[in-house]
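A.B. asks: Each chain, written out:
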Amino acid sequence: MAADFGQFFINSLPDLLSGLGNTLLLTFVSITVGFFLGIALALGRVYGNKIVNGFCVGYIELIRGTPLLVQLFIIYFGLPSVGIIFTPIQAALLGLALNSGAYQAEYLRGAIQSVETGQMSAARSLGMNKLQSIQHVILPQALRISIPAWSNEFIYLLQYSSIAYIIQVSELTAEGKFIAAQTFRYLEVFAMIAVIYLLLTIVSTEIIDRIAKRLSIPGIGAAKRVSLRDI
Amino acid sequence: MEDSSMTMLEVKDVYKSYGDVAILKGVSFTMEKDETKVIIGPSGTGKSTLLRCINQLSPPDKGHVWLNGVEITNPKSNINKMREKIGFVFQDFNLFNHLTALRNVSIGLEKVKKIEKEAAHKRAMQELSRVGLEAQAGQYPAQLSGGQKQRVGIARALAMDPDLILFDEPTSALDPELIGDVLDVMKSLCGKVAMLVVTHEMGFARNVADEIIFMEGGIIVEQGSPKEMFTNAKMARTREFLGRIGALYGDQEGG
Amino acid sequence: MALDTLIESLPSLFDGLGITLLLTAFSIVLGTIVGILLATGRSYASRPIAYLILIYEKILRGIPLLVLLFLIYFGLPQIGINLDAFTAAIIGLGLRSSAYQAQIFRGAINSIPEGQIHAAYSLGMNKLKAIRHVIMPQMLRLSIPGWSNEFTILLKDTSFAFAIGVIELMRQGRYIQVRDPDLVLVVYLLIALIFFILVFSTNKLLRYVEKKYQMAGYQAEVHR
Numbered sequence: 001m002a003a004d005f006g007q008f009f010i011n012s013l014p015d016l017l018s019g020l021g022n023t024l025l026l027t028f029v030s031i032t033v034g035f036f037l038g039i040a041l042a043l044g045r046v047y048g049n050k051i052v053n054g055f056c057v058g059y060i061e062l063i064r065g066t067p068l069l070v071q072l073f074i075i076y077f078g079l080p081s082v083g084i085i086f087t088p089i090q091a092a093l094l095g096l097a098l099n100s101g102a103y104q105a106e107y108l109r110g111a112i113q114s115v116e117t118g119q120m121s122a123a124r125s126l127g128m129n130k131l132q133s134i135q136h137v138i139l140p141q142a143l144r145i146s147i148p149a150w151s152n153e154f155i156y157l158l159q160y161s162s163i164a165y166i167i168q169v170s171e172l173t174a175e176g177k178f179i180a181a182q183t184f185r186y187l188e189v190f191a192m193i194a195v196i197y198l199l200l201t202i203v204s205t206e207i208i209d210r211i212a213k214r215l216s217i218p219g220i221g222a223a224k225r226v227s228l229r230d231i
Numbered sequence: 232m233e234d235s236s237m238t239m240l241e242v243k244d245v246y247k248s249y250g251d252v253a254i255l256k257g258v259s260f261t262m263e264k265d266e267t268k269v270i271i272g273p274s275g276t277g278k279s280t281l282l283r284c285i286n287q288l289s290p291p292d293k294g295h296v297w298l299n300g301v302e303i304t305n306p307k308s309n310i311n312k313m314r315e316k317i318g319f320v321f322q323d324f325n326l327f328n329h330l331t332a333l334r335n336v337s338i339g340l341e342k343v344k345k346i347e348k349e350a351a352h353k354r355a356m357q358e359l360s361r362v363g364l365e366a367q368a369g370q371y372p373a374q375l376s377g378g379q380k381q382r383v384g385i386a387r388a389l390a391m392d393p394d395l396i397l398f399d400e401p402t403s404a405l406d407p408e409l410i411g412d413v414l415d416v417m418k419s420l421c422g423k424v425a426m427l428v429v430t431h432e433m434g435f436a437r438n439v440a441d442e443i444i445f446m447e448g449g450i451i452v453e454q455g456s457p458k459e460m461f462t463n464a465k466m467a468r469t470r471e472f473l474g475r476i477g478a479l480y481g482d483q484e485g486g
Numbered sequence: 487m488a489l490d491t492l493i494e495s496l497p498s499l500f501d502g503l504g505i506t507l508l509l510t511a512f513s514i515v516l517g518t519i520v521g522i523l524l525a526t527g528r529s530y531a532s533r534p535i536a537y538l539i540l541i542y543e544k545i546l547r548g549i550p551l552l553v554l555l556f557l558i559y560f561g562l563p564q565i566g567i568n569l570d571a572f573t574a575a576i577i578g579l580g581l582r583s584s585a586y587q588a589q590i591f592r593g594a595i596n597s598i599p600e601g602q603i604h605a606a607y608s609l610g611m612n613k614l615k616a617i618r619h620v621i622m623p624q625m626l627r628l629s630i631p632g633w634s635n636e637f638t639i640l641l642k643d644t645s646f647a648f649a650i651g652v653i654e655l656m657r658q659g660r661y662i663q664v665r666d667p668d669l670v671l672v673v674y675l676l677i678a679l680i681f682f683i684l685v686f687s688t689n690k691l692l693r694y695v696e697k698k699y700q701m702a703g704y705q706a707e708v709h710r
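Protein chains in written order, with the numbering used here: chain B, 1 to 231; chain R, 232 to 486; chain Y, 487 to 710.
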């Protein structure tokens, strides 16, 4: 029986791998785009004037106050009715990125605000303008402080990328469903998929932790680990 | 371009309030090149606020400040350029946590003065040696003692070749045994760069200042040479304050 | 004209909303009960049990909700357990939430000073009594911020039940879209608005509860 399962696994591998490819694509692209969007929103929140701040808050609250699935449906099903048409993968990438941006904005904002005000004063006193101060003094510290939260976000995206199945993207879960529907071996297939996701989660956590150690600076971030994830 | 007959720093009628509370109620004084002036007075009387009004970290509500004849308080002037000429040493050090001591000192040179990296680092090392910390160049602020942090802070200000350095209670956050090192560095700067120092260190004020300014209640009560102020102050309040502080610190040679 | 068809669709949206709320309610209760057990077990039970709990938590936090739902709804029948979609959704959502809630509760327990339980023992309480009368009341209060966060996440995650055919808000929306393609954007925007109002009001409500039950001087914030 075990040999039979082994054979089954090997047969399914090509499809699963192509699905995995899409899953990783979705994860990496959305966390990256989401990161830049998040920084823009966070800076807008902390340093922007009333209008900029209001816009950023509005966007963040709207995204965080509605399910990801609704956002995807609006992009994939709703927008075509006003002439904007996306392929499934485009819609998924857009939806995940816009969504991630709002969540990343929140913890980036927290990190920026937890850099002491004295740092900004010192930078300005040297003659740096606001932009230089943010770029050379505030952000390098804020980004290091955010690493635990960012690592969480990566894991979330890895898992939530499966939502793209619902709008017909052939990522890992979709491939699994496809194989299962053909072979009726639902339990084994989804157990396999679950294991793959688990491995991805463990490996990514390990890699991110290593990178974090490389980038760590005594006195920043290490003491501020408030997040409880111990995945 | 410097006209030696022109005062280096002129502060005129500066007023500053936070909300409803008036902190500075009309402060005026001048400073000459390379002069050392010490501001003393009870806590909360606007001494630190005055320093922050000079480099515009907290712009004054009313009044004017000129540096070498250029008005800093004019909204049209380039405040960042002005700040290159004014150094600031903070009570809480405010060293850039993510940078080594060396880079803390060189970053102003690199990013503000646009000096090429290698030259900036060389200059930074010079300043660090000047304050006795070349061995700590590669260490991060979290790895330094309070006194070391403050000396890096001074080196950071010095590297920019300012005309004036503002010291905001530079030793108040330090353990008593570390204060001496910082005061020694400050003493070594006398006559080489203008210093405006807010401090409680009476020994320093007495032995090193060219002039002492006594502030209370948001105004300058009296100012004069250390000799005048300590032995022959005109205002009763000045005598009272210096007398009390003298008793507290034991009139020692803390400077 | 389009407005008429929209108004006709409202009742079905209401039905969907009802199912969404039921899903949320049942799942959060399941998640909370199991979560408290897990947290207490991890902190106070024997080593082997604590380890098993750790494995459970890591698995449930390490796989996507969708895969979990598929496993329960499609996979379990293979070993004879047949659940309807609604029940499968509740179990999936609830167990996954329990893993995250366990984290929140455990963080709360860890922020209670050790002296508290020593004092309880000194009064002659056994472990169970100490947990029940001293640890639990504090843990629950400290968990409120993190728990509120989890609640809104769960509320939004119920939309995944769409994928196994539960006729909650999203699926009703899809039916309306299929029936009246003109309404597609309006319908989903409306659904988004409904969710937004739900999330907004529960957040306000929970923040009120948090203030009311706050222990004076105790501000430990515990988040997912």
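Treat each hint with caution, since some may be false.
[What the hints assert, rightly or not] Below, in silico cross-link-like pairs of lysine-lysine (DSBU-like), each with a Cα-Cα straight-line distance of 30 Å or less:
1) R:256 - R:344
2) R:348 - B:130
3) B:130 - R:465
4) R:344 - B:130
5) R:264 - B:50
6) R:423 - R:264
7) R:423 - B:50
8) B:50 - Y:615
9) R:264 - R:243
10) R:312 - R:348
11) R:307 - B:130
12) R:264 - R:342
13) R:307 - R:353
No lab work stands behind these hints, which were simulated from the structure alone.
A.B. asks: Hint by hint, say whether it matches the structure.
C.D. replies: Each hint tested on the structure:
Our distance criterion of 30 Å between C-alpha atoms is broken by residue 256 of chain R and residue 344 of chain R, whose separation comes to about 36 Å. Taken as a hint, the residue 348 of chain R and residue 130 of chain B pair is honoured in the structure, with Cα atoms around 22 Å apart against an allowance of 30 Å. The hinted pair formed by residue 130 of chain B and residue 465 of chain R fails the criterion: a straight-line CA distance of about 45 Å is larger than 30 Å. Restraint check for residue 344 of chain R and residue 130 of chain B: satisfied, since their Cα atoms lie roughly 15 Å apart, inside the 30 Å limit.
With a C-alpha separation of about 43 Å, the suggested pair residue 264 of chain R and residue 50 of chain B falls outside the 30 Å cut-off, and the hint is violated. Between residue 423 of chain R and residue 264 of chain R the CA atoms are separated by roughly 9 Å; this keeps the pair inside 30 Å, and the hint holds. With a C-alpha separation of about 46 Å, the suggested pairing of residue 423 of chain R with residue 50 of chain B is violated against the 30 Å cut-off. Taking the CA atoms of residue 50 of chain B and residue 615 of chain Y, the gap is about 53 Å. The hint is violated against a cut of 30 Å.
A distance of roughly 18 Å separates the Cα atoms of residue 264 of chain R and residue 243 of chain R; the hinted pair therefore holds under the 30 Å criterion. The straight-line distance between the Cα atoms of residue 312 of chain R and residue 348 of chain R is roughly 20 Å, inside the 30 Å bound, and the hint therefore holds. With a C-alpha separation of about 17 Å, the suggested pair residue 307 of chain R and residue 130 of chain B falls inside the 30 Å cut-off, and the hint holds. Only pairs whose Cα atoms come within 30 Å are accepted, and residue 264 of chain R paired with residue 342 of chain R is accepted, the gap being roughly 27 Å.
Proposed proximity of residue 307 of chain R and residue 353 of chain R is contradicted: the alpha carbons are some 35 Å apart, above 30 Å.
Hint check: violations occur at hints 1, 3, 5, 7, 8, 13; the rest are consistent with the structure.
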